Amino acid sequence: MGWLTLQALDAVIPGNEKVPGLAASQRGPIVVAELRREAPFEMRLVLSLAVWVWLLSPIFTVWVPLPAVLLSKRLKSLHTDRITSTSFYLIRQVSLVLKQVAGIAWGQDPEVRAAYQMAPYPEDPGSWKGMS
Amino acid sequence: MTHQAFEPKQHIQWDADYVVIGTGAGGAAAASELARGGAEVVMVEAGPWRDPSDYPASVYGSFRDLFDRWGTTVTRGKAIWPIIQGSCVGGSTVINSAIVVRTPGDIFDQWQREHGVGGDVLAERVWAHQDRIEEELFVETTRPDRLGRSSELAAAAAQKMGIEGHLMRRSVKDCLGSAGCLQGCRHGKKQSTNLQWVPEVLARGGSILSCAPVQRIVMEGRRAAGVEGRFRHPRSRRKGGCFTVRARKGVLVAASSTHTPCILQRSGIKSSALGYGFRAHPGCAIPGVYPDPVGMDFGATQGWASVEFRKTPGYKLETLNLPLELAAVRLKGGGSALMERIEELPRMGVWVAACRANSSGRVTNSFGGRPAVHYIMDQADMHRLRDGLKKTAELHFEMGATHVLPGIQGLPYKLTADELHRFDSVSTSPKAYTVIISHLFGGAVMGADPKTSFCDGSGKAYGYDGLYIADAALLPTNLGVNPQHTIMAMARVVAEDILEHNS
Chain E
1 MGWLTLQALD
11 AVIPGNEKVP
21 GLAASQRGPI
31 VVAELRREAP
41 FEMRLVLSLA
51 VWVWLLSPIF
61 TVWVPLPAVL
71 LSKRLKSLHT
81 DRITSTSFYL
91 IRQVSLVLKQ
101 VAGIAWGQDP
111 EVRAAYQMAP
121 YPEDPGSWKG
131 MS
Chain X
1 MTHQAFEPKQ
11 HIQWDADYVV
21 IGTGAGGAAA
31 ASELARGGAE
41 VVMVEAGPWR
51 DPSDYPASVY
61 GSFRDLFDRW
71 GTTVTRGKAI
81 WPIIQGSCVG
91 GSTVINSAIV
101 VRTPGDIFDQ
111 WQREHGVGGD
121 VLAERVWAHQ
131 DRIEEELFVE
141 TTRPDRLGRS
151 SELAAAAAQK
161 MGIEGHLMRR
171 SVKDCLGSAG
181 CLQGCRHGKK
191 QSTNLQWVPE
201 VLARGGSILS
211 CAPVQRIVME
221 GRRAAGVEGR
231 FRHPRSRRKG
241 GCFTVRARKG
251 VLVAASSTHT
261 PCILQRSGIK
271 SSALGYGFRA
281 HPGCAIPGVY
291 PDPVGMDFGA
301 TQGWASVEFR
311 KTPGYKLETL
321 NLPLELAAVR
331 LKGGGSALME
341 RIEELPRMGV
351 WVAACRANSS
361 GRVTNSFGGR
371 PAVHYIMDQA
381 DMHRLRDGLK
391 KTAELHFEMG
401 ATHVLPGIQG
411 LPYKLTADEL
421 HRFDSVSTSP
431 KAYTVIISHL
441 FGGAVMGADP
451 KTSFCDGSGK
461 AYGYDGLYIA
471 DAALLPTNLG
481 VNPQHTIMAM
491 ARVVAEDILE
501 HNS
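Just so you know, the protein sequences line up as chains E and X, in that order. Under the numbering used here, the residue at position 8 of the first sequence is numbered 8, and the numbers go up by one with no gaps. Under the numbering used here, the residue at position 269 of the second sequence is numbered 269, and the numbers go up by one with no gaps.
For reference, chain E alone in the conformation it holds in the complex (with noise of 0.2 Å):
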């Protein structure tokens, strides 16, 4: 499941020439794999209930019936796009979870912030006052 996580928020932020993808980028993988143990079930619920719907809906976006992880880059990107925008409410809400969770570990790369210019974030500490 941890792959296939990591294969459907790579297919939200694929990266391009300028920018590495999630899957390509340093900090991206490992925070989902800290993502996946950490959140509450919730998150993790809806997360995997995401990865599903994407991973099997190609057949209703782009016509092909396969599963995502199986199509061309352009027909994975094309079905990405649609089934995270599409008109259908509740899919695009799962997908939204999707969509936050690949931009929150693909956002605080070190070489994504650099090339828009930012400030890599320093480690988070986790810490807290009486912590043991």
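Bear in mind the hints are in silico, worked out from the structure with no lab data behind them. As the structure is a computational prediction, the values presented were derived from the model and not from experiment. For glycine and all other residues, C-beta sits at the position ideal for the given N, C-alpha and C. Among the hints, erroneous ones may be present.
Unchecked claim - Here are the simulated DSSO-like cross-link-like pairs (lysine-lysine), alpha carbons at most 27 Å apart as the crow flies:
1) X/9 x E/129
2) X/173 x E/129
3) X/249 x X/270
Stated by the list, open to error - Okay, the calculated bits of chain E under chain X, using three or more residues with CB under 8 Å as the criterion:
4) 6 to 13
5) 69 to 82
6) 94 to 106
7) 120 to 127
Based on the hints, put chain X in the right spot on chain E.
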């Protein structure tokens, strides 16, 4: 002074004069007032206590470390809209933009007229507290050199169009303009309550339990006698030992408009008004794309606002510097099409229209004690929101934006200036809009009639002794302006009345 964080096994038992549930704008303001009055106070906070050195740098870290359940609370109704709240010592004051707006005078008239509380006397008291709060929190107008280009553009646009607009007043001391309010301000400039009033309460002999979500209020007959719950680990969320805090004089509930009604319901508190009257300022962002770079990574997170349309038709306008991660999510679609759209990010300025919605909803307990917020915006409110978005787009075009990105289902991805009229005919279905719910009100509202109100004008629950509401849950209407200042001042009024009554 004592701070007890996550305790894995031991049962912690404390007692005090007053127990305050929550340490956000309401809870910390009330606790500090009580402590200044000589009372012994224990604050109980569901989230952990983080200092600026503990704050995350990234948006991911912010969701994980500072937001209530990673921001997964959503409205239930025709549309699923996220509700943004903090969960840490300091509550939402840690993650908000520290905006300080005095309560408008017409609000007190409205409360008096519609709910039988308020009027001139309350207005004078609230404003007097707001004077003091502004001094304590070092409130200042955003400095022009810390405004950022997005807010500069908005201010200039409003001036050109003859619309009232102002630089935000914020509880930020010597802002650096790092656009990092959402991550809590690692520079320690934002004066959130975890940096100001919570330490003061401890210095005055109070105590705090953090990582300690309250399960229920302990009732002895009709008297609130304390609180109990179990510690929860901030990272793994595993449960720890139990805690019980006995209150000799009273329990103040200030856990937010979503959690306050839930805690009361779980505690067996009965009231026909409990959970009702939930309101908000639902908001939508409209990015405008300019020929030159705007750069949302510098400037106050929110530096400019207009309340010209607060009364009629009922919305407010403001700027919002979004982090790269969230701005990318706001754009339509995915794949290579999204990558092309992301190219425009450096040239975007994001401005927000937030509706002063009259619609009200209900908060109930859901699975696992989570709040279920039943909320649907009616058509009149949706029309207001749509009008606000159109006005926001007009402001963008006034300053030379090449196009705006309405983000409304049924409209094209981009709209140019000569397509503005398309806002007038687009759907007002809540499902067509990408809305964020912030500025929450109600759920245990104050009023003169116990049938329609949970508490009186002093926050005291009808039919119970020693039980008080001291946060946004008691506000019976929305405000049309940022509510933090009003919540703080009303909490101070509640605490002041408690001290006077119990002396």
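For each hint, the structure was consulted:
1. X/9 x E/129: holds, 18 Å
2. X/173 x E/129: Holds, because 23 Å separates the two Cα atoms, which is no more than 27 Å.
3. X/249 x X/270: holds, 21 Å
4. 6 to 13: holds (count 3)
5. 69 to 82: holds (count 7)
6. 94 to 106: holds (count 10)
7. 120 to 127: holds (count 7)
This entry satisfies every hint, going by the numbered hints stated previously.
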